[in-house]
Each structure stands twice: as structure tokens, then as C-alpha cells.
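**Student:** Two chains, two frames, some hints: make the complex.
Here the protein sequences come in this chain order: A and B.
Quick note on numbering: the first sequence equals residues 1 to 331 in the working numbering.
Quick note on numbering: the second sequence equals residues 1001 to 1485 in the working numbering.
In short, the hints are calculated from the structure, not lab data.
Mixed in with the good hints there might be a few duds.
Claimed, not checked - Derived coverage of chain B by chain A (criterion: at least 3 residues anywhere in the stretch with Cβ under 8 Å from a Cβ of chain A; other residues may be distant):
(1) 1086-1096
(2) 1141-1147
(3) 1433-1441
Note that this is a predicted model, so its numbers are computed, not measured.
Cβ atoms here follow ideal geometry from the backbone N, Cα and C, with glycine treated the same way.
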Amino acid sequence: MNTAVALVLLLGVVLYGVFGGADFGTGLWDLTAGGAQRGQRPRELIDHAIGPVWEANHTWLIFCLVVLWSGFPTAFAAIMTTQYIPLGMAAFGIVLRGSGFAFRKVSIRTAEQRVNGAAFAASSILTPFCFGAVAGGIASERVPSAGHGDPVTSWLNPTSVLGGVLAVFTCGYLAAVFLAAEARRRDDRVLEVWARRRAVGAALTCGALAVAGLFVLDHDAHRLYVHLLHDGWPCLTLSAVAGVAALVATLRGSPALVRPLGVLAVAAVLAGWGVSQYPYLLGTHLAIDVAAAPPATMSALAVIAVIALVLVGPSLVVLFLLTARGRLEGD
Amino acid sequence: MAARLLSPAATPVPKSLITSADNSRVLLVAAADPSQLLPAREQMAFTLGFHIILVPFGVAFTFITMIANYRAIRHHDADALLLAQRWSKVAAVLFAVGAVSGTVLSFEMGLLWPGLMKRFGAAYGIPFAVEGIFFFLEAIFVAIYIYGWNRLSPWVHFWSGLPVVIAGVGGTLSVVAANSWMNSPSGITVRHGRVVDVDVWRVFFNKAFWYEAIHMLLAAYVVAGFAVAGVYAVGMLRGRRDRYHRIGLLVPLVVGAIAIPLQIFMGDVIARAVFHDEPAKFAAIEGLRNTGTHVPEELGGVMVDGRLRFSIPIPDGASLLSGFSPSTRVAGLNAIPAKVRPPDHLVTIVHLSFDIMVGTGFLLLGLALWFALAWRQHRLTPASTWFLRATAISGVVAVVSLECGWVVTEVGRQPWTVVGRLLTRDAVQTSGNLWPFFAGAVVIYAGVTVGAGFALRALRRRWAAGQDVSTPYGPDDEHAPVGAP
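Here chain B stands alone, though its shape is the one from the complex (with noise of 0.2 Å):
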């Protein structure tokens, strides 16, 4: 019934007929956005926005960690050691916030989209379910691994990192089998609206899973690998370029280095995965409105009366990147149902996000390739001035990346939330009113924004001082000793 009335073939329903109970879901269809659709949005886009920066300090630092804490025992490097438990303090801080603002994250499914947990939480549910497990043992194991510097063996304190990392593994893994099954929704039968049975490992293992949960997981490396890097760029074009610095910067950026090249191939897959299995995300992504064959991949534009504008076309681009041939035919928005197709303005975010991405995927890799070639050339830390600032930055960009690949796979899924099952605008909270909730959101993660600066801040000030004790509470230490900045 719902298929038939969302189909374009669907005639418009005659005000007589809309008493019948049968339209119930023409009117909801046809209805305006409930009021609670935009500040639910918002406020899940900032919040999820907000969290997806703090996911690869909890997935991959400390597999980054790791790294220098092996140097450490197996060499006898002091600098190795000293930094893997000062990085293992900034985890400490960035958990903490991650694992908050990640709990949110679960409120919030049933505080904004009470219709999707209660009409496919039955399915939907079951991969939070796994990664609560992974959660926990992360949740474990970090603090033992962060608070067991002084008083564990070195190797054991050292093999009790890894459970961190598996989980953190296991976890984007779950997760992200969640987000993926909203995009590629397999394994349910539903009878009058109702799950009435789930096929568990169809639901886990859906289509969209592997490469999407891979692809987070390469960019939680990515991000983290550049954004550590990055920190000690700053610090070497400051003029502290000792050894401490060098080895600072070189362990994450092998890491970085290694993941983007992988990435970019996993996206060149993806992406004609995605044309393949969400044709309609698809066209979003190229700005594309009418089906065809020789499609250009139109770089930049704006979506202006259903046609992209202002944008750079490479002649048959899209259509050889998505079927290596010319005379692949792509979909494009018009081939969407217009009651389900996205109005422009989100078209232009998913095609922009998508170029953003992409972009900023490409200038990773450059440098990369720029560290790569520096590093058989000198084989030590390339120190020139120009590839410093490039790192110094590299982790802003790899962050930028990462959120307008959310954008594209979020925004592009919409008007859906279950692709083809479930409008967002019928998932959406109804009672109250979300706005108020979202001010405070703002507000809060503002502060807590703030007070992670401050911390961190704090943080580097104690060890350019040289104490790695911590500061015992209480008064008189306004003046305690202040470093280079």
C-alpha cells in the first residue's frame, strides 16, 4: 500500500477519500514536516557531529600509543616511553568526553526518533546491543591501561592496550552495522507496520556493512595518525625539533600515511558500491538530475531549480568511474519518486560534502606521498618548513574530511531514515517541543568544548614544565609554574 502511494504513479487523493483509515499514510505522506523534524535533525547533527571527532581517539590512539610503548620497552626509549604516557593522559581526557557524548547519542534515539526505535528497534537495536560489549571492554581496559603505567609489569601493562584496540574495532564495527542497515535495510519481515521477525545476522551483516564500517574505521586511523601528527608539527616549527618531537611526529604519521592511501581505494569502491545499491544517494552525490549515459563528474555547484549550477564538469566522469565504461548509465533525481526525492538544498550539501571529502582525501594523500618520497630521500624526519605546516594542519583536514563523509551518507539517506521502510519525518519525536533541548545541547557541548581546551591546555603547560605528577587539589597553585605556551 505504502509502495504503490509513494510511487510517482500515485494520482493525487481526493479530499473525500482522506476520512477512509486507508489514508491514514497518504496524509502523513502529503502532510507538511512535523515542527520537531528541523530541531531534531539539527540537534542530532550537531551532537553525532560532535562525537564523530572523539571516535578515532577512542578506536585508534591507542593502537598509535601502543606503538610507542613498544618502542619504548623493546629499545629502552626514554622519549618513546614519555610520550606514549602522556598521549595515553590526552586519551584519558578525550574517552571521557567520547564515551559522554557517545551515551547521549543513545538517549537521543529515543528522545528524537522515538518512531524508529519503537517501530525497528527490534532489528535496528540488536548491533548496539554487540557494541555494548565492546564498549565495556574498552571502557576497561583503557583505564587499566592508562592508570597501569607505574605499577604493572611493562608487558603486561603493554598487552593490556590490546583489548582496547580489538574493541575499538569491534565497536565502529557494530556501529556502524547499525548506521548501515538504516541505508540498506535487510533481514526483518514486517507485517501491518509490526517486525514481526528479524533475521540477525542479515541485520549485522547487511549489504552496506563491510565497506562502510571499514571505511570508518581507516578514517578513525587516518584522523588520529594526523591529528597526533600534527600537534608535534606545531611543536617542531615552534623550534623544539629534539629527538622527543621527531619520534612525536613520525609514529602517528606512519599511521596516517599508511591508512589514506588505503582509503581513497576503499572509497573508489564504495562509491560504486553505492551507485550500485543506492542509486538514489547516488545522484545526490553527483548533483545529477536526469538519467543518462556519458555523465560528467561535475565538480563543485549548487543545486538551483532541480539543476546543478556553477559546477566544473570532466566529461564522462561519472559514468567511468561507476561502470569504467562511458556508456554507463547513471541514475539521476528524476528517476526518484518525487514525494521521496530531496528537495535541492540537501542535494547541494550530500554533492558539496561529497567534493569536500573527496578533496580533502586527495591533499592527505599528497601528503603522504610527499612523506614518503622525504623519507627515502633523507630517511629521517623531512624537516622542511613547508611539510611542517602541511602536517601542522593535516589533522583539521583529515577532521573536515571525516565529517562531510557523515553529511554525505546521512543527509544523502534523507527524506529516509530506513531507506524505502521509514520517513524521518514519521521516525521524529512528536511530544514536546525539541527546541529548548537543542539550546541546551549547544550550550553544554559548548562549554564542555571549552573546558576540553582548558584541560588540554593545562595539560601541555604541566609537561613543558617538565611535571608529569599531577596537581593536587586545592589552593595555592595559581602561581604553579607556567610553560612556554
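Just chain A, same shape as in the assembly (with noise of 0.2 Å):
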């Protein structure tokens, strides 16, 4: 049952990577996209895309959250003790991009959509990478049992700069691969080219960013390194190869694959990455049943979770199709 559990847990933390991190990316093709002019097509678009769906790809990191408070106290509690730093950066970079972008998406002037837009954008890529760099320092060690850990080197260090900037730069990758869909559903072909070129450049820097990652984790997480490729290597060869097989389909102009191939390869990182953690729920120091809590709480997860599925699993496909076929324009 506690497997069952950090399953479930894994599962929220990959959905949270895929829909969360498209969500994010949108920020960092906001950030860049121009001046007030140049920009303002390419925002509309990042507008349209996220805003009914924003606030339901976020629900996945509290579903995380719960799960992780609930099931696996002491685990939650030693990360909370340790990497404050980032996660309460984490916490203010969620304030500030929510209510920036729905405070932008109403407000009249140029100069508040500037603020607001500015608020957005810039947390959008803050946000990430403290995720990413938190899961750096989980997976290379550095959170102790007991909690209370070294709250600085314990997300800046080669691990956690690695996770965090491969986050940030997935999230655009995401993100990219999503508004180019949308972008041809709208027939634009001038946004279409410019996401899509944005999708190869992300999708290249995170193809160099994983390589070179091999190199650092070899050097600073040797445990995480070797258990990444004894363990890990399927899913890791998965999102090679989907990856790969994402940028062809890009390139070659296969629309249709794109979206399923780049949100597998994103997936099969995520999942990898908890494949060759396990049986351990921080680094390879506490283990999975070692930090869940009693059965009864457990098993009251497991049946939350079966009913989360059944419940919001259908209402957010419709809500992405709603979105899809354009139902949900607002005005």
C-alpha cells in the first residue's frame, strides 16, 4: 500500500511536470517575446492558451502536496526543515504569476499589463527552477532524514542547478510544443512558426542541458548517477527517443505527434527519476515505508486517489477539449 502511494505520488508529480510545467513554460516565451508591439500577438495567443486551464494544471502540485503531508509526514516535514529558501521563493513566485496574469488579462493600461505582465512572466521562470533544484537536492542527498539540513547548498549545488534550469527550460519546451498547437488550430501560420522555432531551440538546449547533466550528476550524485542507469535507463532511453523522434516530427512538419511525443519524453524523465529512487522517498537515505504514515491513512489516500481519478479525470478532459475546439473563448 505505502508503494501504491508514493505511485500515486510520482503520478501527481508527473502530471504536475507535464500540464504545470507547459503552464509555466508560457511565461518564458512571454518574458521574451518584444516589446509592447512586437509581443502583443504572441502573448494574446499565451493568453488564450492558459486562461481557462491555468488554475487546473496547478491543482496537481497541491494534489502533490497532500499526498506528500499526509502520506510520508516525515519525509514533507524534512524537506520543509531544510529547503525553506527555495520553497518559499516557490510559494511567492505562485502569488505573484497567478494574480499577474489575471490581473493583466483586465487591466486597461499599457504600462499595469507591463507590471502585471512582468510579475508573470518573470515567476514563471523562478517558480520552476526552485522545483527543479529541490528536486536536485532530494534526489542527490542532500535532505537529511531527520530534516533541518544545510538550507543553502541544499538546492545550490551542481545537482539542483542542473534540475532547476532543465526545468525552466522543459516548462518552455512544454510549452512551446502546446502553442503551436494552438497556434495552427487558429490557422496562424506566422505564430505557428514562431512556437515552433522556439520548440527546436528549447528542445535542443534540453537535449545539450541532459548530457551535460550526466556529466554532473557522475561527478556530484554519483549514487543518483548509477542508479539512474541501472534502474532508470528504459525510462530515460524512452524520453530519448521520444524526444528525438518529438524534434523530427517538429521539423518535418507532423503536427499531429508532436504533442504526444514531447509530453512522453518530458514523463519518462520525471518518471525516471522516481524508477531509480525507489524503494527511497529521499535520496537513497529514507525509505518509502520507513516514512509512511500509518496503514489507515495510507489506504484513505489510496481511496482518495481512486476518486480523484474518477471525478476530476473526466471533468479535466472535458475541460481540454472544451479548450481544444475553442468553447472557452472568452470574449
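**Tutor:** Here it is in C-alpha cells:
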């Protein structure tokens, strides 16, 4: 049962990585879209693409938090008493991002739009960096089981920086892929090309980072490196193959394949992280069974996860379908 | 062990004994408050106090909007339709801020109170997991409802609001289940300081659950109803007395006016439940020093040297309200073991907050009665200036009441985080320094408040100018039409 709940947690992390990631990534392209004149149309595309779905996409984070603190309270406390700096920044980033996005949508003056837009875009980069850095610290055994680890080196270290930067560009990649699809739906060739270029750029960056990252892990987090290659290799291979295939599909113009392949590439990396850490929750020292809450809690969480799947799953499908068909156009 | 040491009978521990492992608990209890306690509590109060203002709009605003929406479809009422559409745009802004400020609270569970989560996450966390489902459904359907006006059929669109209303109720019940569990922790078996078994039903449906949950749910409808009505009362005071403004005033005002008497009735029931189940909190609410009968209800006042001063007593009031008889025995603060007795300033805060909550509640009840009388007499909106003035400020009054209610339940639980099981000072974060974090929260939330103000003003100006379409991003709207302020 403990492993089942850990799997639910991993599933939550993967879904947050994919949906929340695609959502965060739009901020990267929003920030770099240029001045008010040049960036107007990309920003409108971003606005329409994530307007109806961003809150749902970020609920996966809440899902992960509640499963972690109910199912594995000691691990939650250990992370929170160690990596409180990046997590505090992420919390603030989430506030600025959501508020900035919602406010920009309704503000009239360019100056107000600019302030709100900058808050939205900058925090869209800061927050995934923090989460990537936190993941890097956990994976590289820098969060002690009893908590109260080093507040700085637990997230400012080679593995964390790799995790953070990789997170930012992975989000950017996913966002570009989704934005290209949205532009195509609108028959907007210019924006489609705009987004596809960014997808290719981000994909190449992520690929380079991943290769460089293996060297970083070999030196900085050798045990993780060994586990990744030993247990996680199917996931890594899947990710690499899907990533290359998605890139080819983007360049050769087979748009239908790009989204599923791109999502698969990112999901496989996150799954690979989980697989290579198993049976540990933190690094290679806090085992799932040791951190787990009493059986009754774990059963309750499993039941709640099933109910969530039954209720939330179809609802999300409806939301995404309506959005994809352009039925949720604000104005 | 802990229980014995927490009791007043515990004698001071000689210094020579303090080295033994058994006495680590004594040290903890006897030690001065950890330095992080103050910033942690300030930050929790600040961020929760901020978030709770937005909660009513997430929970109850959609219901109010659906009433106007129903009227619009059923009676082809163009004014009601315009109101419903505009309300859902305001809701989009408020829901966004509510969602992100709520996310911060979940981070703070760990960042501020890791001791609570580590020891009781297995039990306390479960209601939040349930809430996660409701919040998910709310986020999904609120988006469909807000963005679906134009391209969904009217009735399909209307019904997409219903899950939002249901999820609002479910989410409120779940979060309050977690809060009420802190007041009335049940359903756990603790061995050697660790939760070893959890009875999920008894955690969720703890003794304080029903009354706290219904109280908060009604509060959401009271606040949203009066706050929205207040906006249109202001408009009418400025001379815009058209049908659009009348409906905008009436629909939410009816909701608030129905909710407030129910709330006052519930408040009375809850006070007696607190009297029976949480005597320490009740003593703080009453500012009562000594246990006794014929206890007066003291209005106002401050605690000085353990005694309530400058208050106005109503003879036998507290005894009558809590047990329907002047001879009802009410426990005083002195009955609480000295080590866990709340200090004077906290008792003052709880006592005054309670008085303000009840007082403002009765003001709102008065407004509701005034409304009902005017309705009976005129069958129309009461258009008297004084009534509109009262309605205009009723939203603020309702928010004050809401905040005071939370102060009563949160401060009234001190020094406990989980009553009888975990002291707040043992729950708090001990790593790092929380002051900069708190300062950051104040700055960012201030910025968000200003931003929300500008955003809502932009909406109002646009509507006053008769524009309902969104403005494109980019230059040259510096001179966008600006309507009457």
C-alpha cells in the first residue's frame, strides 16, 4: 500500500511536471516576446491558451503536497525544514504569477499590463527553477531524514542547478509545443512558426543539458547516477527516443505527433527520477516504508486517489476538449 | 507523562533532574517561546486573514451569479445576463488570487509548522486530501463557467456552474474539518509521540466539525452577498438607479439577508457547543477569571492582571446563554493549568474579537430586517439613501465579522495548535529566520492587493464605458475611453 501511495505521488509529480510545466513555460516565451508592439500577438496567444486551464494545471501541485504531507509526513517535514528558501520563493512566485496573469487580462493601460505581465513572466521562470532545484537536492541526498539540512547547499549545488535550469527549459519546450498546436488550430501560420522555432530551440537546449547533466551527476551525485543508469535506463532511453522523434516531427511538419511525443519525453524523465530513487523517498536514505503514515491513512489516500481519478479525470478531459475546440473563448 | 507535567499539580523540577531524558519535555514546556514563534504566527495570521477574504467569493459568488444567470435565461432578462457575465469576470480575478494565496497556505503548513505536519500529518492531512478533489473540480468548472458564456448553449453553460457551487461547499467542509480537528482532535492513537493508527472518519467528522463547517459556509454566503450588494448600493448612491443596478443590489442582498439570520441562530448553538467542548476557549471568549455560577455576559473590556476591566456586564448573561439558567456553572481561566493558560493580551484579543463578531453580525441582521420590512411595504428596492448607505458598508462589516470569527477560533486555541496534544511553540519551524519571509509576504501581498484594486477598477471603467470586450495587449490604449469613476 505504501508503494501504491508513493506511485500516486509520482503520478502527481509527473502530471504537475507536464501540465504545470507547459503552463509555467508560457512565461518564458511571454517574457522574451519583445516589446509591447512586437509581443502583442504572442502574448494574446499565450493568454487564450492558458486562460481557462492554468488553475487546474496548478492544482496538481496541491495534490502532490497533500499526498506528501499525509502519506509521508516525516519526509514532508524534512524537506520543509531544509529547503525552505527555494520553497518559500516558489510560494511567492506562485502568488505573483497567478495574480499577474489574472490582472493583466483585465488591465487597460499598457503600463499596468507591463507590470502585471512582468510579474507573471518572471515568476514563471523563478518557480520552476526552484522546484527543479528542490528535486535536485532531494535526489542528490542533501535532505536528511530528520530535516534541518543545509539551507543553502541543499538547493544551490551542481545537481540542483542542473535540475532548476532543466526544469525551466523543459517547461519552455512543453509550452512551445502546446502553443504551436494552439496557433495551428487558429490557422495562424506566423505564430505557429514562432512557437515551433522556440520548441526546436528549447528541445536542443534540453537535450544538451541532459547530456551535460549526466557528467554533472556522475561527479556530484554518483549514487543517483548509478541508479539512473542501472534502474532508470528504460525511462531515460524512452525519453531520448521520444524527444528526438518529437524534434523530427516538428521539423518535418507532422504536427499531430509532436504533442504526445513531447509530453512522453518529459514524463519519462520524471518517471525515471522516481524509478531510480525507489525504494527511497529522499535520496537513498529515507525509505518509503519508513516514512509512511499508518496503514489507515495510506488506505484512505489510495481511496481518495481513486475518487479523484474518477471525478477529476473526466472533468479535466472535458475542460481540455472544450479548450482545444475553442469553446472557451472569453470574449 | 506530558499530561501530568502539564497539570497544575506538577511541581517545579529541580535543576539536577533536568539532565535526564525524561525531562526533555519539561524543558520544552518551561523554555521561553522559540524566537520563530512570533513571526510564524504573524505570518500565518496575515496570510490566512488575506486568503479568507477571498474565500467567500470562491465559495458563494458563483451561486449568486447563477441566480442572475437563471433569471437571464428563464425571463430573457438582458440586465440579469449582463450582471451575471460581469460577475463571472470579477470572480475570475478574485478566484485567481484566492487560489494562489491558498497555495501559499499549503506551503506554510510545512514552512511555518513542520512540527505539526511531522507529528500529525497522517491524520490532519487527510481532510486536505479530500479538499484537493473539490478544489480540482472547482478550478475546472469555474474555468468552464467563466469562459463558456459565448460558445456553449445557455443551459449547458448554466449547469456548468453547479459543480462550482457544490465544490465550494465540499471544499469548505473539508478545510474546516482539518481546522476543527485541531480544536477537537479525535480518531488518532498515539504511542511514543507517534501517530500509530488513524480512524479517518473520526478525524474528518470530529466533534467540532459540523458547527464550525456550517458556520464558515454561512459566513461565505453572508460576506459574498453583502459585499456584492454593497457595490451596487454605491452605484445607486451615485445616482445610477436603473434596473441593472436594482437587480445587482437585490440578488446578492437577498442571499445575504437569508444567510444572516441562519448564521445568528447557528452562532448561538455554536457558543453552547464551545461551552461544553472547549471550556478553555469559552473562558477566554468570556474573559472570565474564576469559575462560578451567575456569570454575567461582559461586553468589551480588556484583561489587566488576569481580570477583565472596563467592561459592561449583563447580569447572569453568560450563565443564561450557555445553560439557559442563571445557576449554570461556567469554567473560568483559573481552571486552566497555569502552564497552558493563555496570557492576558491573548484573552483580550479573543474576548474583543468575539464581541465584534457578534456585534457586527447583529448589525447585519438589523440590515436584513430593514430590507425585509421595506420589501413588504414597497415590494420594490428600498431606495432610501440611508438604507443604501448601510448596504454600501455592509460588505466591509461582514468581512470584519468573518475575520474576528477566525481570530476567536485561532487565537482562542492558544497556546495549543492541536488542543491537548501539541503546543504551538513545538509546532513551529526552528530552522532559518522567518522574519524576512514574513516581510516578503507583506510586501508581495500588498502588491497583489494594489494590483487587484487596479484590475477591478479597470473592469469597472471598461463597463462604465460600455465595453465588454477585452482590450488587446500592446500600445495605444493609453487613451482608452475612461468612463465615470
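**Student:** Each hint needs a verdict: does it hold in this structure or not?
**Tutor:** To see whether the hints hold, each was checked on the structure:
Interface restraint, the segment 1086-1096 of chain B with chain A: holds (5 residues with C-beta to C-beta distance below 8 Å; minimum three). Figure legend: the segment 1141-1147 of chain B, annotated as covered by chain A; annotation consistent (6 residues with Cβ-Cβ distances under 8 Å, at least 3 required). Figure legend: the segment 1433-1441 of chain B, annotated as covered by chain A; annotation consistent (3 residues with Cβ-Cβ distances under 8 Å, at least 3 required).
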